[in-house]
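Asks: The whole structure should be built from the sequences, with the hints applied where relevant.
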Amino acid sequence: MRSARSLLGGDMAAWSGRLAGPIRGGCGCAALAFTSRFTQRVSPGTTLPIRLICSSSSLQKKNMTGTFHEKYTEEFIKQQIKEFNIGKRHLANMMGEDPETFNQEDIDKAIRYLFPSGLFDKHAKPIMKHPLEVFPKQRAVQWGEDGRPFHFLFYTGKQSFYSLMHDTFQKYLNIQKYDDQMRAKGISSLDTKQINLVGGRWLTKDELEKLLLEPISDHDYVHFIQLLERMLSSPYCNIEEEYVMKFRREMEVQSKNQIIEPLQFDETGVAFSKGEGRRKSSRATVIVREPGSGKITVNGLDYLHYFPELQEREQLMFPIQFLGRLGKHDLECTVSEGGRSGQAGAIRLAISRALLSFIKEDEIEHMRQAGLLTPDPRVRERKKPGQEGARRKFTWKKR
Numbered sequence: 001m002r003s004a005r006s007l008l009g010g011d012m013a014a015w016s017g018r019l020a021g022p023i024r025g026g027c028g029c030a031a032l033a034f035t036s037r038f039t040q041r042v043s044p045g046t047t048l049p050i051r052l053i054c055s056s057s058s059l060q061k062k063n064m065t066g067t068f069h070e071k072y073t074e075e076f077i078k079q080q081i082k083e084f085n086i087g088k089r090h091l092a093n094m095m096g097e098d099p100e101t102f103n104q105e106d107i108d109k110a111i112r113y114l115f116p117s118g119l120f121d122k123h124a125k126p127i128m129k130h131p132l133e134v135f136p137k138q139r140a141v142q143w144g145e146d147g148r149p150f151h152f153l154f155y156t157g158k159q160s161f162y163s164l165m166h167d168t169f170q171k172y173l174n175i176q177k178y179d180d181q182m183r184a185k186g187i188s189s190l191d192t193k194q195i196n197l198v199g200g201r202w203l204t205k206d207e208l209e210k211l212l213l214e215p216i217s218d219h220d221y222v223h224f225i226q227l228l229e230r231m232l233s234s235p236y237c238n239i240e241e242e243y244v245m246k247f248r249r250e251m252e253v254q255s256k257n258q259i260i261e262p263l264q265f266d267e268t269g270v271a272f273s274k275g276e277g278r279r280k281s282s283r284a285t286v287i288v289r290e291p292g293s294g295k296i297t298v299n300g301l302d303y304l305h306y307f308p309e310l311q312e313r314e315q316l317m318f319p320i321q322f323l324g325r326l327g328k329h330d331l332e333c334t335v336s337e338g339g340r341s342g343q344a345g346a347i348r349l350a351i352s353r354a355l356l357s358f359i360k361e362d363e364i365e366h367m368r369q370a371g372l373l374t375p376d377p378r379v380r381e382r383k384k385p386g387q388e389g390a391r392r393k394f395t396w397k398k399r
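Heads up, the sequence shown is in full-length UniProt numbering, so the first residue is 1 and it goes up one at a time.
These aren't lab readings, by the way, just hints derived from the structure by calculation.
Mixed in with the good hints, there may be bad ones.
Have a look at the derived ranges for each label pair, beta carbon to beta carbon [unchecked claim]:
id, residue 1, residue 2, range
1, GLU83, ARG340, 17 to 25 Å
2, LYS82, LYS122, 21 to 29 Å
3, GLY96, TYR243, 46 to 54 Å
4, LYS274, GLY118, 36 to 44 Å
5, ILE260, LEU232, 45 to 53 Å
6, LYS82, LEU232, 41 to 49 Å
30 Å max Cα-Cα, derived BS3-like pairs, lysine-lysine [to be verified]:
id, residue 1, residue 2
7, LYS78, LYS193
8, LYS295, LYS246
9, LYS158, LYS210
10, LYS383, LYS122
11, LYS384, LYS280
12, LYS193, LYS158
13, LYS88, LYS122
14, LYS205, LYS158
15, LYS78, LYS210
16, LYS185, LYS158
17, LYS122, LYS109
18, LYS274, LYS360
19, LYS280, LYS171
20, LYS384, LYS125
21, LYS129, LYS193
22, LYS383, LYS125
23, LYS129, LYS205
Quick reminder that beta carbons are idealized off the backbone N, C-alpha and C, glycines included.
Replies: Laid out in structure tokens, this is it:
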């Protein structure tokens, strides 16, 4: 006759065996059974119930894919580059070109010739680009095989951004520390060299996201720019100039790319320059002569008779008034097509371009900043079917 203790141990062991099966098969968890260090052996072949530890399948998958979470691995990119080079050579042979000098521009021309498409969406048209342009950049593995992240800011969700903020603030503290040292030595900070930021701009939000390889909010972007500007307000910010300039980009001076025609002279020795402009469907050509008396004609008529509205007259005269050259030039304007408003805009752009031959470089830059050298790309929006106009809807009637 067995003792009550042995019966109890046997019944509980059998119960634990019956329970382990449904747990393993029902909830999809891996039951890891191990004997507790407090297990007491009651009789030979009989033990107390074992402890069951349930590990979720999602956690196991995360740990298993710790080294395979990249969507585009380095080996995949190398294989794509190899296939791209082979395809480029085949395409060059098809077009009768030298594969060694066949560049991306030639590839685009060949694709447009071999696969003509009437689609308007650029993403729907066939392309053949280098894999580094097609597949986006991505960060390396962020955790090890054990599932432990490498970076201490991993669980913030924006580890690259907050790491950047930490580094930037540390640079700011270094500047403050250096300032305190100079003050302790009695050195004035009035003669310190400041960072030259003329002709530059900060990285845009999209450019910063590409640099960090993670999305950020508008609030985070503004907070980062404010921290950089706070650094620049310090008198010794030049000691971290190299770090600050990593987040600056030079602005292209468009006036340098503006084509300036040289002055021409007629048979009487009067200097003149010609300019062309467009606005909507209007086309204008203007001849500016100097010296002049301020006479302005449009298609052979005085501009006061051609433009009865004051708004069009002011628009036409604005470039001359902006440069302070009223009464110094004679203007001969020729315009075609379009309405009065579009014609006035086309003449204004043509006058601005023609005046470039008479003014200095700093005045050209002032005109560019005022928008006088920028064409207006706006056109009339088309009417939509089922609507009264481009945006306006038909009046709704209940009956």
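Asks: Against this structure, judge whether each hint is valid.
Replies: Outcome of the hint check:
no.: 1; hint: GLU83 / ARG340: 17 to 25 Å; result: violated, 59 Å
no.: 2; hint: LYS82 / LYS122: 21 to 29 Å; result: holds, 27 Å
no.: 3; hint: GLY96 / TYR243: 46 to 54 Å; result: holds, 52 Å
no.: 4; hint: LYS274 / GLY118: 36 to 44 Å; result: holds, 38 Å
no.: 5; hint: ILE260 / LEU232: 45 to 53 Å; result: violated, 35 Å
no.: 6; hint: LYS82 / LEU232: 41 to 49 Å; result: holds, 47 Å
no.: 7; hint: LYS78 / LYS193; result: violated, 47 Å
no.: 8; hint: LYS295 / LYS246; result: violated, 53 Å
no.: 9; hint: LYS158 / LYS210; result: holds, 13 Å
no.: 10; hint: LYS383 / LYS122; result: holds, 24 Å
no.: 11; hint: LYS384 / LYS280; result: holds, 19 Å
no.: 12; hint: LYS193 / LYS158; result: violated, 35 Å
no.: 13; hint: LYS88 / LYS122; result: holds, 21 Å
no.: 14; hint: LYS205 / LYS158; result: holds, 15 Å
no.: 15; hint: LYS78 / LYS210; result: holds, 22 Å
no.: 16; hint: LYS185 / LYS158; result: violated, 41 Å
no.: 17; hint: LYS122 / LYS109; result: holds, 15 Å
no.: 18; hint: LYS274 / LYS360; result: holds, 17 Å
no.: 19; hint: LYS280 / LYS171; result: violated, 52 Å
no.: 20; hint: LYS384 / LYS125; result: holds, 26 Å
no.: 21; hint: LYS129 / LYS193; result: violated, 46 Å
no.: 22; hint: LYS383 / LYS125; result: holds, 27 Å
no.: 23; hint: LYS129 / LYS205; result: holds, 26 Å
The structure fails hints 1, 5, 7, 8, 12, 16, 19, 21 (numbered hints given earlier, in ascending order).
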